[in-house]
Amino acid sequence: MADSALGILQREGEQRGASGHVPDTQDFDEHVRFYRSALRIARMFLAFMAVLLLGMYFFLVR
Numbered sequence: 001m002a003d004s005a006l007g008i009l010q011r012e013g014e015q016r017g018a019s020g021h022v023p024d025t026q027d028f029d030e031h032v033r034f035y036r037s038a039l040r041i042a043r044m045f046l047a048f049m050a051v052l053l054l055g056m057y058f059f060l061v062r
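For the sequence shown, UniProt numbering puts the final residue at 62, and the numbers step up evenly by one.
No lab work stands behind these hints, which were simulated from the structure alone.
As the structure is a prediction and not an experimental result, all values here were calculated from the model.
Don't be surprised by glycine CBs; every beta carbon is placed ideally from N, CA and C.
Take the hints with a grain of salt, since some may be wrong.
[Stated by the list, open to error] Label-pair ranges, simulated between beta-carbon atoms:
1) ARG11 x PHE45: 23 to 29 Å
2) ALA50 x LEU9: 35 to 41 Å
3) PHE58 x ASP27: 31 to 37 Å
4) SER4 x LEU60: 33 to 39 Å
5) PHE58 x GLU30: 29 to 35 Å
6) PHE48 x ASP27: 43 to 49 Å
7) THR25 x LEU53: 39 to 45 Å
8) ASP27 x TYR57: 28 to 34 Å
9) THR25 x PHE59: 48 to 54 Å
10) LEU54 x GLY7: 28 to 34 Å
11) MET56 x ASP29: 37 to 43 Å
12) GLU12 x ALA47: 26 to 32 Å
13) ARG62 x PHE34: 38 to 44 Å
Please construct the entire structure, taking both the sequences and the accompanying hints into account.
Structure (structure tokens):
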């Protein structure tokens, strides 16, 4: 799902370039950078939650 969002952004940028309109590549790169950092933060949060839940499970079961 995350990769498809980046793929959509990249295709959008390619279409803008193909239509003859000069794309604002700096703005586009900024969007891609933002989404990649947001995905990195989301992955770190999910990994933290998974470790926390596993730790709680093993602590409570034993």
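Hints versus structure:
1. ARG11 x PHE45: 23 to 29 Å: Cβ of ARG11 to Cβ of PHE45: about 28 Å, so the range 23 to 29 Å holds.
2. ALA50 x LEU9: 35 to 41 Å: Violated, at about 28 Å.
3. PHE58 x ASP27: 31 to 37 Å: violated (47 Å)
4. SER4 x LEU60: 33 to 39 Å: Between SER4 and LEU60, where Cβ atoms are some 37 Å apart, the hint holds.
5. PHE58 x GLU30: 29 to 35 Å: Violated, since PHE58 and GLU30 (Cβ atoms, about 43 Å apart) do not stay within the stated range.
6. PHE48 x ASP27: 43 to 49 Å: violated (32 Å)
7. THR25 x LEU53: 39 to 45 Å: holds (42 Å)
8. ASP27 x TYR57: 28 to 34 Å: Distance hint for ASP27, TYR57 is violated at roughly 45 Å.
9. THR25 x PHE59: 48 to 54 Å: Because 50 Å falls inside the window, the suggested range holds.
10. LEU54 x GLY7: 28 to 34 Å: holds (32 Å)
11. MET56 x ASP29: 37 to 43 Å: holds (41 Å)
12. GLU12 x ALA47: 26 to 32 Å: holds (30 Å)
13. ARG62 x PHE34: 38 to 44 Å: Once the Cβ atoms are compared, 43 Å apart, the range 38 to 44 Å for PHE34 and ARG62 holds.
Hint check: violations occur at hints 2, 3, 5, 6 and 8; the rest are consistent with the structure.
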